[in-house]
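Protein chains in written order, with my numbering: chain A, 123 to 320; chain B, 6 to 338.
Accuracy of the hints is not assured; some may be wrong.
Stated by the list, open to error - Taking lysine-lysine and the DSSO-like style, the derived pairs with C-alpha atoms no more than 30 Å apart in a straight line are:
| id | chain 1 | residue 1 | chain 2 | residue 2 |
| --- | --- | --- | --- | --- |
| 1 | B | Lys222 | B | Lys311 |
| 2 | B | Lys222 | B | Lys197 |
| 3 | B | Lys76 | A | Lys206 |
| 4 | A | Lys237 | B | Lys76 |
| 5 | B | Lys210 | B | Lys197 |
| 6 | B | Lys76 | A | Lys146 |
| 7 | B | Lys222 | B | Lys324 |
| 8 | B | Lys222 | B | Lys210 |
| 9 | A | Lys280 | A | Lys269 |
What the hints assert, rightly or not - Just a sample of chain B residues kept apart from chain A, beta carbon distances all over 12 Å, derived:
| id | residue |
| --- | --- |
| 10 | Gln52 |
| 11 | Val94 |
| 12 | Gly96 |
| 13 | Leu99 |
| 14 | Ala103 |
| 15 | Gly109 |
| 16 | Gly116 |
| 17 | Arg124 |
| 18 | Pro201 |
| 19 | Phe234 |
| 20 | Ala246 |
| 21 | Ile283 |
| 22 | Ala325 |
| 23 | Arg326 |
| 24 | Ser330 |
Said to hold, decoys possible - Chain B regions said to be covered by chain A (calculated; three or more residues, Cβ under 8 Å):
| id | segment |
| --- | --- |
| 25 | 67-79 |
| 26 | 149-155 |
| 27 | 260-269 |
In case anyone wonders, no lab produced these hints; they're calculated from the structure. Nothing here was measured: the structure is a model prediction, and the numbers come from that model. The beta carbon of each residue, even a glycine, is placed where N, CA and C say it ideally should be.
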Amino acid sequence: MARMKFLCDADRCIECNACVTACKNEHEVPWGINRRRVVTINDGRPGERSISMACMHCTDAPCAAVCPTACFYTTADAVVLHDKDTCIGCGYCFYACPFGAPQYPRVGNFGGRGKMDKCTYCAGGPQQDNTRVEYTQYGSNRLAEGKLPLCAEMCSTKALLAGDSEMIATIYRERVQRRGYGSGAWGWRTAYRENITT
Amino acid sequence: MKRLILAPFLVLLLALSAPAFAQNAPSPGSSRGTVNAEEMELQRMLQGGRVEGRTTIPDARSEVLIQPQGKAWRDFHNVTLAWVGGIAVGGMLLILIAFYLTRGRIMVEGGLAGRTISRFNMLERVNHWMVASSFIVLGLTGLNLTFGRYVLLPIMGPYAFADVSLWGKIAHNFVAFPFTLGIVVMALLWVKDNIPNGRDIEWFKMGGGLIGKGHPKAGRFNGGQKMIFWITVLGGGIVAASGYFLIFPFWGEFGVADMQLAHIIHSVLSVLMVAAMIAHIYIGSVGMQGAFDAMGSGEVDLNWAKEHHPLWVEQEMAKARQVVSPTGVKPAE
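The shape of chain A in the complex, shown without the other chains (with noise of 0.2 Å):
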């Protein structure tokens, strides 16, 4: 089986934030949550990168340790999913992610957390593939339809890259090799402990 992975070519990306736009419009995600954003670090500054960031989908993922209801699984394509009816929105693994993927939707008590809402690899979660009620859960489910995530499909620049974690190494160690830099695979060394070399 792949094992699918995000790579986020920072060399390539210009901020349009047609990723986030994209996520929000394919999964109808409530007002407040984004599953996807666009980082721009050394704003201004020589170094400057703008780094799409999401779900990294982890090995030995930190949410799934902490949770205290065990809501998380691990899908045979190493997309890491939730499920709704089991969160409790108590906010654990927003502290353990190291990317701030989970969100919340102002909902709880005091207006407190509801129940944590991430990105998906656009995989839907644990209902019944293409359902209304996994839609209206989690977003559409494109895997089940042999696609890939939107995002990576949408980026103007194909900066952002989605799917089997050979394949995107093997795409983005051709472009760094031929225009000769890189700044390598943002996130990947925290989530798989392993980075792309070139």
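Please build the complex by placing chain B on the supplied structure of chain A, with the hints as guidance.
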């Protein structure tokens, strides 16, 4: 002809401008500054700090790209807290069982007098039980968040356990308010009798009459009770404050690091308080004859009071005499 004359000039012009071109268009990599994802992640992980930037989303929290501190918090929650909590709560239970088996129930040495003395009034007792009952709810629902996954989840199954945990979380949030109110009232009611003094040192030296022989003298509250009071008021106060911080996650400009710290303070103090309160519950119920009456009816046996709080009994007696026959008023001959 003209071209031939111009040609050398053109060549010269090109030769002069060539280095200038090279300076204007260096290799793209160097002018863009060198940034390396792996180096940055490794450095922040080892030296602290986070990879942060700017976003167009009006939420300061989204500006954190990578926070390696999540790993430290995970280790705290899954390893440190589990061990500290397990040892504190489990250890206290074992100590109390061992104590009960060796020392047994502590009886009133002189036997019950049959006469009682008023120890806690209605307000004191109602407030005590408000704090106590909310603490039990808070303690159990709190422990569930750390240990429920390993203890209850395999027994109950994921959906029943999720329901219990969800209601537990809601209860935890709401019951925090009566708990806090009770802590404040408790502090106001009892702080004057709980100022530590020299007698408390003496009390602890004698093992509080629990371990050694003989009863150390004590006023209204002895050293052990004062300790419980300060654990409740200070510990409970800090736990409540850090808890409110966690209840309102969207309030203020606080980031994930503040929430991690608040959770660490909240959880460590909480498990230690649970351990302390288990001991308090033991000694106030099965552990000691006559102790429960203080918070039950509010009237304690006179012999119990004389054994444990002789100085307080003297004070109360003096007060009572004052009421019966105020100084200056001589009884009729």
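Outcome of the hint check:
1. B:Lys222 x B:Lys311: holds, 9 Å
2. B:Lys222 x B:Lys197: holds, 18 Å
3. B:Lys76 x A:Lys206: holds, 24 Å
4. A:Lys237 x B:Lys76: This hinted pair holds, its Cα atoms lying about 22 Å apart.
5. B:Lys210 x B:Lys197: holds, 23 Å
6. B:Lys76 x A:Lys146: The hint holds at about 28 Å.
7. B:Lys222 x B:Lys324: holds, 19 Å
8. B:Lys222 x B:Lys210: holds, 12 Å
9. A:Lys280 x A:Lys269: Answer holds: lysine 280 of chain A to lysine 269 of chain A is near 16 Å, not above 30 Å.
10. Gln52: With a cut-off of 12 Å, glutamine 52 of chain B remains clear of chain A, as the shortest Cβ separation is near 15 Å.
11. Val94: holds, 17 Å
12. Gly96: holds, 23 Å
13. Leu99: holds, 25 Å
14. Ala103: Per Cβ check, alanine 103 of chain B is outside 12 Å of chain A; nearest 31 Å; holds.
15. Gly109: holds, 39 Å
16. Gly116: holds, 50 Å
17. Arg124: For arginine 124 of chain B, whose nearest Cβ neighbour in chain A is about 38 Å away, the distance exceeds 12 Å, so it holds.
18. Pro201: holds, 37 Å
19. Phe234: holds, 30 Å
20. Ala246: Alanine 246 of chain B clear of chain A: closest Cβ-Cβ about 15 Å, beyond 12 Å.
21. Ile283: holds, 22 Å
22. Ala325: holds, 49 Å
23. Arg326: holds, 53 Å
24. Ser330: holds, 57 Å
25. 67-79: Contact hint for the segment 67-79 of chain B vs chain A: holds, 11 residues under 8 Å.
26. 149-155: holds (count 5)
27. 260-269: holds (count 4)
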